[in-house]
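K.L.:
What follows is each chain in one-letter form.
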Amino acid sequence: MSNKQRILVVSHGHPDFSLGGAEVAAYNLYLGYQQQPEVEQAWFLARVDRGGAPTGKISIRRKNEYLWEQGISDWTILSTENKGALETQFRALVEELKPTAVHFHHYAHMGLEVFRVVKNINLNIKVYLTLHEYMAICQNNGQMVKTDTNLSLCNQSSKDDCARCFPAHSREHFWLRKYRFLNYFNLIDHFFSPSQFLKDRYVAWGLKASDITVIENAQQFKKTIPPRTIKEGEGRNKFAYFGQVTPYKGLDILLKALNRLPKKILKTLHVEVHGANLDTQPAAVQKSIHELLDPLVKVGVVTWSGPYQPDEVHERMANVDWILMPSIWWENSPMIIQEAFRAGRPVVCSDIGGMKEKVINKVTGINVRARSVVDWSETLSQLVDYKDYQSLIDNIKSPGDEAEIAVHHILTFAEN
Amino acid sequence: MEAKFTNRTTDTNKKSSSFALEIPGQSVPLEVRDNNNNAIAYVKIDEAYCLGDFAVITGWTVGLDTEVQCQLRDQLVLAEHSMTRDDVSSAYPNYSPPKAFMLIIAGEHASLGAEIVYEAKDITGSFSIRLAPWSLDQALKHAYAEQIFRAIGNVIKVGSSSWDDYLAAIPALATADKRPSAFLETAVYSDVSGIALIVGWSMASESMWVEDDQGNAHAIKSIYRTRRPDVESQHGDEVKPNLIKPGLIAAIELDAMPQSLTLWAINDGVKVVLGQCSVNYMGPSPERAAQWLFSIAAPMADMSKRIEAIDEPFIAPLLSAWNNDLKKVIPEVCDYGVLSAQPLVSVVVPLYARHDFMEYQLMAFADDDWFKQYVELIYVVDDPRLIERVKNDSETFELLYQVPYRVVYSEVNRGFSGANNIGAKHSKANHLLFLNSDVFPKDKGWLQPLLKSLNDNPNFGAVGPVLEYGDGSIQHAGMDYKYRRDIGVWVNYHPKAGLDTSSVMGQGLREAKAITGACVLISRRLYKIIDGWCEDYLIGDFEDSDLCFKIQSKGLALGVDTNVALTHLERQSFTDLGTPEYRTKVVIYNAVKHQNKWHQGDSVDEQ
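The listed protein sequences derive, respectively, from chains R and D.
The numbering of the first sequence is this note's numbering, which starts it at 1 and goes up by one.
The numbering of the second sequence is this note's numbering, which starts it at 417 and goes up by one.
Read the hints as simulated data drawn from the structure, not as lab findings.
Hints are supplied without guarantee of correctness; some may be wrong.
What the hints assert, rightly or not - With a Cα cut of at most 16 Å, we get these calculated EDC-like pairs of lysine to aspartate or glutamate: (1) Lys119/R with Asp783/D; (2) Lys807/D with Glu728/D; (3) Lys178/R with Glu775/D; (4) Lys1013/D with Asp629/D.
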């Protein structure tokens, strides 16, 4: 029997169908594992939603890649919908593949029960979990943002605080919720967090600091793009927003900031909005975005570039000077920041959470007071004439590629 | 009527200077004279007559040291001395206020007469009287007709010849007279308790009885009166100082269900129908009966009195019969996984209203190797609504958590005690741990120390752990009792609840007055000796302190092992059991039951 690792990577989605940062990071890591000499074999299992009920069926996407029709019966406690499939199809897969480690990226859409099934099959199989978002801590989609109309930032969970966010749930519900998460997390051999900020939140919540290692999400290697060539006398005045258009992403803050700039300054800059999923937002959200966006598009300050494929991001960044990230929630390790660094572009982002951690103010980008329209306005007007742009570019390091990140993980496995 | 009077002195030397006196009538009061022949007191008999097997004697005294007494062969039903006689006091201004009296005597010899005994200074005297027959005239003019009626009503067999004599002597309401306002709102009958309850209100006197649709008269066994602001505002002109509680619930014992019941009263010397009401059948469910009764408004402060008079006598026989029937229902028993062959502890967990707690417990037990090896885990599904869900979940839980357990599907709701008892019946270990479904271990390895505490301390009958609320504060570190004046009952309470656990933890096994039933370990031997959990309580209260009292009655102590703590999300499953008001009434019901059993000698003032 070889001592090599056999690693099953499990994700709540396959990047072929679902383009969230966690899914992409999970898939990249799977590719990275495959390249390592210490790894005998790696597989990728992704939950899939084919529109029907979760049948529990497992099928093959391509060699070594599997899809699992699974779902959640109760999102407040992340319980598996098709429990019967845990001890049949899922068990059969694990028993067949005989992994030495199962590396979960998220348990959303699958439920916490999967951890226990792996340990039931063989206690010696290591179970690793990369934490994305704050789902165990916060019932509000793991955002750590309150449910009030201001979407206020939240610093910590408690029975009393959480029951105020969700009056339909009792304080005891939140006690039980945490009891359940901690019980299942007790089965995890080691955690990974893509940001120190997220690790700190989980340590404050109840995990041991020594049980969590911070490793950045894996990106596939791409060459850094030189800064945009500018004409004599032209400023660094081209900006781009990438991301979904949800209330948490703060696009409305950015647009409000633009709308309050004097025309004279407005004429000197240009913003591309590469926005996804606006059409699936609630009507009220769509309406308010359009009210802010349309006048700016009309005068040529903003270009609506629409959604994008992940492999297009790199090229789309080539023609801009700054990447904008006005999120009003903490974020974790946003993929857009990593992609900006890979492309060699400084990031202008909110000064909270994972964004502040990843983008050092005036070193690799600019931090702006989160949620402040005035500050965003002033920052945008000043950046056009930013003097030390080249030093920002020089400070940016391309994030580790999938192979590098995989090695980092495997080294940590050896100790945990 | 004739009376013979005898005056005699009694002193310590027994030098009697008694004298006897006979007077032909009672037109003048008897003068009681001292040895110097000074009048020091007066005794007057107003009336003395017989009514069937009863003797009724009324009159007054002035100057006596004590109240007149009646020496008789028969039973003194009532000696009433609290009535005032202003007419007499004006005639004897130099004496202390007169004491009017009414004596009612029952028995087959009552009609033969009585001897009246009195004391004034060093003089004790007596006289014997003979009785006149009861007459219509006397009934009509009698100042104390209602008191007499009530007193006799306590012992008379309604419908007997005495009763008929008495009623026959009382005239009916004349058509021209105003009928007192009254209304019967509803009536129910339970063949299990053999009691009919009439609910309504009346502005008439309190001298009432009930007739069924066959014309048979029935005495009111017990009655509860309460204020009715709605009635009082509508019928203010009839409000009297001696009738401030028009609302009524009256209980009548009946062998069979009547179609209707009629409430009668003697009001202002005449008999009158207060109201009539058809009777509804009350089924055998004690819970339904409690829900119906508790929906009838009464001030909370009054509830303990009402429950004692009305609710408990009506519900208790239903509860007893219901529990007997429940014992005949054979539960379905399913094992999930292979249970330990020689368990050290059987853990019995009743499930009611919430099925989901079970999974949280199982996920904790799953990581506890001692528990998996030595415990026989038994869930009792005490709620038919949960059966299907638990059956479905168990298919998954067996494989996922790998903690073998047995489920006793009770089919019917047996209540906390009944569920615990049937769970125990389907278990075999030498020790029983009764555990609420909303109690969760904080860590593995909690049960073994509890078992050791009990085994190492043979003077303890049962032990439990410290229980914490979800926030880590004390939920239980032993129970105590306190008297709640607001609702007039003894209740259990948890000292130090809500405080930091550090003040109680780590002190080993400590004796407590009582311990909670949410998590209690007891040997099967003792459990059998004390006949398990008492099933006479409604829904789920006081069973644990009842168990504790039973254990203490065997000379054994109760202990809290302060080295062990679990979390208790107290009363989550009770939110399903009705409104807070209903819940409070259930608490009072159980408290009344509990204190009649265990707190009889306890002084309220000590609290």
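K.L.:
Hint check: Lys807/D vs Glu728/D, CA-CA at most 16 Å. Holds or violated?
P.N.:
violated, 37 Å
K.L.:
Given the proposed pairing of Lys119/R with Asp783/D, does the C-alpha separation stay at or below 16 Å?
P.N.:
holds, 11 Å
K.L.:
Is Lys1013/D close enough to Asp629/D, meaning Cα to Cα at most 16 Å?
P.N.:
violated, 38 Å
K.L.:
Holds or violated: Lys178/R with Glu775/D, Cα cutoff 16 Å?
P.N.:
holds, 14 Å
In this structure, the earlier hints numbered 2 and 4 are contradicted, and the remaining ones agree with it.
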